[in-house]
Amino acid sequence: MYQKYDAVIVGAGGAGLMAALHLSSAGRVAVISKLYPVRSHTGAAQGGIGAALGNLEEDHWEWHMFDTIKGSDYLADQDAAEILCREAIETVYDLEHWGLPFSRTPDGRIAQRPFGGHTREYGKAAVRRSCYAADRTGHMILQTLYQQCIKHDVHFFNEFHLLDLLVEGGRCAGAVALCLATGELHTFHAKAVLLATGGCGRMFRVTSNALALTGDGMAVAYRRGIPLEDMEFFQFHPTGIYKLGILLSEGARGEGAILRNNQGERFMQRYAPTLLDLAPRDMVSRAIYREIQEGRGIGGKNYVHLDMTHLGREVLDQKLPDITDFVRTYLGIEPATQPVPVHPTAHYAMGGIPTDVDGRVVVDEHNTPLPGLYAAGECACVSVHGANRLGTNSLVDILVFGRRSGRHAATFMKQNDWPPLPPRPDERAAALLAQLMNTGGSERAADIRDTLQNEMMDKAGVFREAKGLQAMREKLQELRERYQRVKLEDRGAQYNTELVEVIELGGMIDLADTLVAGALARQESRGAHSREDFPQRDDAHWLKHTLAYQTPRGPELRYKPVKITKFEPKERKY
Amino acid sequence: MNVTLKIRRFNPERDREPWWGTYTVEAESTDRLLDALNHVKWYQDGTLTFRRSCAHGVCGSDAMLINGSNALACKVLLKDLGQHVTVEPLRGFRVIKDLLVDLEPFFAKYRQVKPYLITASAPPANERLQSPAERERYDDTTKCILCGACTTACPSFWANPAYIGPAAIVNAHRFIFDSRDEGAEERLSILNTADGVWRCRTIFNCVEACPRGINVTRAIGEVKQALLYRKL
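Just so you know, the protein sequences line up as chains B and A, in that order. Everything in the first sequence is counted per this note's numbering, starting at 2 for the first residue and increasing by one. Everything in the second sequence is counted per this note's numbering, starting at 35 for the first residue and increasing by one.
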């Protein structure tokens, strides 16, 4: 099927919907999503969105910017971080004006609470900056944006899976997607394409990420010669529910919850004496792993306790109702009276498709844009998060850069005509499907995926070293070979969700390749990338972004400089 | 523990009639039903089809009929279901394939109630003010994840598929009782029709079915009262 639109947005989470709202007044826009719109993972965000409103105490976007840069271990591009923190304020007001039901202060303003790494006066003490709606801020954002899309009559293609990007004569000309309901390929011919497909946390065994978070947009771009930036930086959130990995918001610690080891000790005192449990996520996750390694996990096992027993039922029910419910449902534990078993959980890709501050995808060390192609949200790397993202900044990112990319694409599509399509635009997508449907192989996708997730967790997780990463690289080669013989039991056309899972797995193997290659090459420790064999940050050699390109021999790495404007790199202490 | 799953199957490309598939899964008692369904799909029968995403009860993808009651497969644990579990698609929606149903009519009804903030006045430079008490007034109905569990548990909906259904009313309530909204009259008129709010016979199935713990019947009752007395 052939479809012609001015612009196509892939992904209906926060970034995609925000862009859609800013594009839809400028022309015919289609949003394609492999899920229904309100199913996207933005809805799982809990604790809040950071913006220096100063509703409860003095605050400034410059302080927010400093915290973002320091939190990123100085790898964020500072021009982008400045835009992030300045524009955070007006995007939060936009959301309120669209009806988002924020929790309120006694005088009726948007309520704010402390969050990891967010401080006043450049690191002096924690500040209340996270604007929240109980502990379901992401749910409210996703709902509010979808409601506005209904109001503005945005056109959705629900349950369409992205398979390919069309690039012709140096311009993006559209995208090809599989309609899950019919099994047909649809070619979307467009002047502008915006990728907003989210993260790829499902390459790890323990993750807070939805089953759908398989990095499809990143993988499709990578296979079309677009590099992926800083993929070695993957955030582990400190407080995932034991074994399941379900997120327990940092908002819990923002409200006063404390991490304790098997001696009941508040161990963060030893790792971050000023911010304690509200240190940035990379540091808290490492601290938990160290406690476990040194035998202070609970009962000698691989978890610690998140203690909320002193917060009182009212705080739990009013401010943290969802996570309280998760703990009761999945662990059978009453958090008002019992501590909760937690350990780090794979949470967020700082890396992704490189873009400039207008969401334009850039393809080399000189930041040369590929006209007509945009990316925003977790699948993109602007880079505002550098080596470690602060809590609340992902929601800021999707809104600020969703909006900026939507606005830029709106101008672009008014000024440009449709580029010609390649002669057989769905050729590559059709070949992929034909190959998978006709393999007659014997390898179960689930077995390949299990191995990928287990090995990535052990060898490319919170702590890394050359030996494990090299072994992982060999393992990925083996998985790639097994994937060539993958078995498909469902040969049907309609809602072939097994086929979708197999396609997703292929993409994740490619993405794991880029992560491992970047991590092996980067001989330093910075933010979420922590090398046991290179424990120090090394600005002289490694204050730069990684770009990974696909080649037949595996990922080829190049590097580009970090943009530094206001804050010179310093040692990072909390 | 060993769990036997009896799953209602239907493949439109292969089957003329639905049939029951039986699968035995070795699982932990604390596993979610979704884990067991995934296990069947991944290791026993790749054709088994259902929707799922977040796996912890916030995205609303995997509502289904489990041992005769509506619930999210990711929010019920096997230990609470016993060793024999029956799984069927939601009632009252067209079955497309196995546990996957047609949600378009459900979302069309949601759109019908104008589920977005309606205001005539221009917003202030900063936020509109809303007191914690005003915010609390509609808190319950902001939790809806549009999973469809309430509507498909409702006998009034089974009897009359044109009934707008509890989920749409919940989402109308969320705006009708928001102090910032000025569209209550429009929404109340939409709900005051033959297939609107009066089809509710306060059976309370929706309250039991809601995985978010929303008191759906109370919300519907408040909308009825607002219609009777035009007092918000």
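Mixed in with the good hints, there may be bad ones.
[Said to hold, decoys possible] In silico DSS-like pairs for lysine-lysine, Cα to Cα no more than 27 Å straight-line:
#	chain 1	residue 1	chain 2	residue 2
1	B	K302	B	K244
2	B	K152	A	K258
3	B	K571	B	K561
4	B	K125	B	K152
5	B	K468	B	K302
6	B	K545	B	K574
7	A	K148	B	K244
8	B	K488	B	K476
9	B	K468	B	K545
10	A	K40	A	K148
11	B	K468	B	K488
12	B	K152	B	K415
13	B	K460	B	K244
14	A	K113	B	K152
15	B	K152	A	K148
16	A	K113	B	K488
17	B	K460	B	K476
18	B	K302	A	K113
Just so you know, the hints here were simulated from the structure itself, not pulled from any lab data. Predicted, not measured: the structure shown is a model, and the values here were computed from it.
Take a quick look at whether K468/B and K545/B sit within 27 Å of each other, Cα to Cα. Satisfied, since the Cα-Cα distance of roughly 24 Å is no more than 27 Å.
Taking 27 Å as the top limit, are the C-alpha atoms of K488/B and K476/B close enough? Given that 27 Å is the threshold and the Cα spacing comes to 20 Å, the pair holds.
Agreement of K152/B and K148/A with the hint, judged by alpha carbon distance not exceeding 27 Å: holds, 8 Å
Is the Cα-Cα distance between K302/B and K113/A 27 Å or less? holds, 24 Å
Is it true that the CA of K468/B sits at most 27 Å from the CA of K302/B? holds, 25 Å
If you draw a straight line from the CA of K571/B to the CA of K561/B, is it 27 Å or shorter? Holds: K571/B and K561/B sit about 20 Å apart, inside 27 Å.
Please verify whether K113/A and K152/B have alpha carbons no more than 27 Å apart. Not satisfied, since the Cα-Cα distance of roughly 43 Å exceeds 27 Å.
Agreement of K545/B and K574/B with the hint, judged by alpha carbon distance not exceeding 27 Å: Holds, at about 21 Å.
Starting from K148/A, check that the Cα of K244/B is at most 27 Å away, please. violated, 41 Å
K152/B and K415/B: Cα distance at most 27 Å? With a Cα-Cα distance of about 23 Å, the restraint between K152/B and K415/B holds, given a limit of 27 Å.
Restraint status (C-alpha distance of K460/B to K244/B at most 27 Å): Between K460/B and K244/B the Cα gap is close to 18 Å, so the pair holds against 27 Å.
Within a Cα-Cα threshold of 27 Å, do K302/B and K244/B meet the stated pairing? Cα-Cα ~11 Å, so holds.
Hints 4, 7, 10, 11, 14, 16 from the list above are not met by this structure, while the remaining hints are.
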